[in-house]
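K.L.:
What follows is the residue order along each chain.
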Amino acid sequence: MTQPVLEIQHLKLHFFTDKGVVKAVDGLDLTIREGEIVGLVGESGCGKSVTSLAVMGLVPQPPGKIVDGSIRFQGTDLTKASQRELRQIRGKDMAMIFQEPMTSLNPLFTIGNQLIEAVRAHRSCSKAEARELAREMLEKVGIARKGVLDEYPHQLSGGMRQRVMIAMAMILNPRLLIADEPTTALDVTIQAQILELMQRLNEEFGTAILLITHDLGVVAEMCDRIVVMYAGQVVEETDRYRLFRQPRHPYTQGLLLSIPKLDEQKERLYAIPGQVPNPYQMPAGCRFAPRCTQVMDVCRQTVPPLAPVEQGHVSRCFLHQKEESHHGTD
Amino acid sequence: MLAYTARRLLMLIPVLLGMSLIVFAVVHAIPGDPAKTIAGDKATPEQLQEIRKNLGLDQPVYIQYFKYLQALLQGDLGTSLVNKTKISEEIGPFLAATAELSFVAIAIALFFGINLGILSTWRQNSWLDYGSMFIALIGVSIPIFWLGLMEQWLFAQELGWFPSNGRLDPRMEYEPITYFYIIDALLFGDMAMLGDVLKHILLPAIALGTIPMAIIARMTRSSMLEVMRSDYVRTARAKGISEFLVIYKHTLKNAMIPILTVVGLQLGLLLGGAVLTETIFSWPGVGRYIYDAINSRDYPVIQSGILVLAFIFVMINLIVDLLYAWIDPRIQYGKE
Numbered sequence: 001m002t003q004p005v006l007e008i009q010h011l012k013l014h015f016f017t018d019k020g021v022v023k024a025v026d027g028l029d030l031t032i033r034e035g036e037i038v039g040l041v042g043e044s045g046c047g048k049s050v051t052s053l054a055v056m057g058l059v060p061q062p063p064g065k066i067v068d069g070s071i072r073f074q075g076t077d078l079t080k081a082s083q084r085e086l087r088q089i090r091g092k093d094m095a096m097i098f099q100e101p102m103t104s105l106n107p108l109f110t111i112g113n114q115l116i117e118a119v120r121a122h123r124s125c126s127k128a129e130a131r132e133l134a135r136e137m138l139e140k141v142g143i144a145r146k147g148v149l150d151e152y153p154h155q156l157s158g159g160m161r162q163r164v165m166i167a168m169a170m171i172l173n174p175r176l177l178i179a180d181e182p183t184t185a186l187d188v189t190i191q192a193q194i195l196e197l198m199q200r201l202n203e204e205f206g207t208a209i210l211l212i213t214h215d216l217g218v219v220a221e222m223c224d225r226i227v228v229m230y231a232g233q234v235v236e237e238t239d240r241y242r243l244f245r246q247p248r249h250p251y252t253q254g255l256l257l258s259i260p261k262l263d264e265q266k267e268r269l270y271a272i273p274g275q276v277p278n279p280y281q282m283p284a285g286c287r288f289a290p291r292c293t294q295v296m297d298v299c300r301q302t303v304p305p306l307a308p309v310e311q312g313h314v315s316r317c318f319l320h321q322k323e324e325s326h327h328g329t330d
Numbered sequence: 001m002l003a004y005t006a007r008r009l010l011m012l013i014p015v016l017l018g019m020s021l022i023v024f025a026v027v028h029a030i031p032g033d034p035a036k037t038i039a040g041d042k043a044t045p046e047q048l049q050e051i052r053k054n055l056g057l058d059q060p061v062y063i064q065y066f067k068y069l070q071a072l073l074q075g076d077l078g079t080s081l082v083n084k085t086k087i088s089e090e091i092g093p094f095l096a097a098t099a100e101l102s103f104v105a106i107a108i109a110l111f112f113g114i115n116l117g118i119l120s121t122w123r124q125n126s127w128l129d130y131g132s133m134f135i136a137l138i139g140v141s142i143p144i145f146w147l148g149l150m151e152q153w154l155f156a157q158e159l160g161w162f163p164s165n166g167r168l169d170p171r172m173e174y175e176p177i178t179y180f181y182i183i184d185a186l187l188f189g190d191m192a193m194l195g196d197v198l199k200h201i202l203l204p205a206i207a208l209g210t211i212p213m214a215i216i217a218r219m220t221r222s223s224m225l226e227v228m229r230s231d232y233v234r235t236a237r238a239k240g241i242s243e244f245l246v247i248y249k250h251t252l253k254n255a256m257i258p259i260l261t262v263v264g265l266q267l268g269l270l271l272g273g274a275v276l277t278e279t280i281f282s283w284p285g286v287g288r289y290i291y292d293a294i295n296s297r298d299y300p301v302i303q304s305g306i307l308v309l310a311f312i313f314v315m316i317n318l319i320v321d322l323l324y325a326w327i328d329p330r331i332q333y334g335k336e
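First to last, the protein sequences are chains A and B.
The opening residue of the first sequence carries number 1 in full-length UniProt numbering; numbering runs sequentially from there.
The opening residue of the second sequence carries number 1 in full-length UniProt numbering; numbering runs sequentially from there.
It should be emphasised that the hints constitute simulated quantities derived from the structure, not laboratory data.
Take the hints with a grain of salt, since some may be wrong.
Taking lysine-lysine and the DSS-like style, the derived pairs with C-alpha atoms no more than 30 Å apart in a straight line are [claimed, not checked]: (1) K140/A to K67/B; (2) K253/B to K92/A; (3) K253/B to K146/A.
A few chain A residues that face chain B, going by a derived Cβ cut-off under 7 Å, partial list only [what the hints assert, rightly or not]: (4) M56; (5) L58; (6) M96; (7) L105; (8) N106; (9) L108; (10) Y152.
The C-beta atom is built at its ideal place from N, Cα and C for all residues, glycine as well.
Based on the sequences and whatever the hints tell you, model everything.
P.N.:
Encoded structure:
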C-alpha cells in the first residue's frame, strides 16, 4: 500500500464563541494516500469545510482552536507547525481550490499576476520564467486562448475562473489538492468538464485529491474512497463500490435514498426526518440518534465507536457492531 | 482608460460652467456699488457713469457674464481693486504655498492613517486595535487651532526644534521657480535649503493633517475588515504568500476605493480650508490671501479666489475618479 500523504488523527477543532463552544470537528480520523482521490461527504455544517481549512492552517484562531489530535502531512505535524512552516507548505506541497470561483480570484490583479505570484512565493525564478510556467499551466487546464494572462477575473466566465484556480493550485505540482465543493457554483455541463480535468491532473501528476462535496453523484464518478461525515464526526468510510451497494450507517443509507432515480416513479423524494443537531447542544449518545429510523436504547446513551464492519469498511453504528459480534460467535 | 478619461473630462464642462455662474451670481448679489468703492464718496454721477462704462457694468447682466466667461477662458481672473494688479499673476505663489502644505499634510495623513488602520485590523479587538482607534478618536476631536498653538509652544518655543512660522528662513531668500519650495530646493540641489523648508512645513502640516489622518485611519479599518473576510484573501493565504503581501497587496488595494474617496474630499477641504492653520503659522497661502481680500472688500479677488479653489476641488475629484478606474479595472467597463 502506498504512503499516506495526509494523516488526520483524532482531530478536534472547536470554536469558542460567546454563545458557547461549537465542536465543529470532533474526533476526526482521515487518511489520504499518494495519488488517491478521497471524497468527504456530508450535509452543510457537518464540518467538512472546516476540516479542509484546518489542514491548510486557514482556520481563524481565535475563535477556532485545535484542541486535540494531529494532522500529519508528509510526516510533519501541521498542528504543531509555525505560521512560517505552514506558509512554506501551503501552495507548494498542498493547495486548495474553493467553492466560489467568482469571488476566489482577486478582482484587481490580472490572471498572470496572480499565477506568477503563486510560483514566486515558493520558487526563486524570474518573472519571465514564472510567466512561461503560468502559460503552460493554463494550457494544461484547457485555457489555450492567448492573452488570458493579461486579463482580469471579471473578463472570464465562472468555469474559466475555476480552471484558473485549478491552474494556480497545481502550478507547483503539489502532493495534495483540497477541492472544497469545486463544482457546486457551476453549470452542470461545466461541472463535468471541471471534474474530468481534475481526474486528468490526478492521473498526470499523481496528485492526491481530497474532494469535499455534498453531491453523491460527483463522488460516485470521481473518488476511490469515500468518507461520510455527520455533525463533526466520521460516520462511515469505505470504497465507492461498497458505499453505494452496501451502505451500513443509517445516515449514509438515508443520503443514498434521497437521490432521485430515473427509473422510479415517486410522488416525493425521500428526506431524512428531523434536522441536523444544534451545534451548541450535541446529543449525548450517537449524534444521528434523534433522526435515525433504527435507533436503539443504547444509541441515546453511548457514543458508538468507529469500528470495522468488514475489511476496508468502517461505520459508527451499534447496529453492525452487534451483527459483527453475532458473526463472531457463529 | 483613455475613453474613460475623455468622458470624465467632457462631464467636467457643465460642472465648471455651473460653478462660474454661481460664483458670478453670488458676487453680484452682494449689496453695494463697485463704482462707488473705486471712486470714493466724492465722485460725481458722471465720473461714476464713466467708471461703470469702463468696467462694463452698464451692460445687461447676461452680457457681463459672457464677458466674464470670455476673460476666464483666456486665463484672466480680473484685477485687484486694492493693488491694481492682475489677480492671475498674483495668486500663483499663494496657491503654490497652500498646495505644498496640503500635499505634505495629506501625505502625512495617508501614511499614518493607513498604517494605523491596518494595525488595528491586523490585530482586531486587541489593545493594538483599541490603541489605534483611540488615537484616531483624539485626532478627529482635536481643534486644529489648539493643536497648532500647542505645537508652536512645545516644539518651537520650549524645545526650539522647529521654527514657529513662515516657509523659509528669511536669510535664505531666493529666486523662486515653481513657488513649491520643496521642488525648488530639489531643482537647485540645495540640501540646506531643503532641510530648512521641511523644518518649516512640518508643524503646520501635522496640524493640518491630523483630522484627515484620523478619518483615513477609521475608514481604512472598516474597509480592510470587510475585505479581509473575502474569498480572494483566503485564496492569497492558501498560496502561501507572506502576510505582508496578503495585507498590503491583496487587501489594501481592494480596500482603497472608499479610502481614496475620503482622501479626495479631505484634500479639497485642506486646499480651501487652511485659513486657520495658515494664520497661526503665518503661511502665505491662498486662505490668507482670500482672508485679507475679505478684510479690504476686494471683490474681484474674493470672486477669483473662490473660483480657483472651487476649480481645484473639482479637479481633485476628477483625479480621484480617474484613480478609481486605475485601481479597479471593472469601473471603466461598468460605465460604458
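K.L.:
Against this structure, judge whether each hint is valid.
P.N.:
Hints, verified against the model:
Pair hint K140/A plus K67/B does not hold up; C-alpha atoms about 68 Å apart against a cutoff of 30 Å. With a C-alpha separation of about 25 Å, the suggested pair K253/B and K92/A falls inside the 30 Å cut-off, and the hint holds. A hinted pair counts as satisfied when its Cα atoms are at most 30 Å apart, and K253/B with K146/A qualifies at roughly 27 Å. For the restraint placing M56/A at the interface with chain B, the shortest Cβ-Cβ distance is roughly 6 Å, inside the 7 Å limit, so the hint holds.
A distance limit of 7 Å between C-beta atoms decides the matter here; for L58/A the minimum to chain B is near 6 Å, and the interface restraint holds. At its closest, the beta carbon of M96/A sits 5 Å from a beta carbon of chain B; the interface hint therefore holds under the 7 Å criterion. Hint status for L105/A: holds, given a least beta-carbon distance of 6 Å to chain B, under 7 Å. Taking 7 Å as the C-beta cut-off, the interface hint given for N106/A holds, the closest approach to chain B being about 4 Å.
A hinted interface residue such as L108/A counts as satisfied when its beta carbon comes closer than 7 Å to some beta carbon of chain B; here the least separation is about 5 Å, so the hint holds. With its C-beta approaching chain B no nearer than about 5 Å, Y152/A sits inside the 7 Å limit, and its interface hint holds.
Hint 1 alone, counting from the list given before, is not met by this structure.
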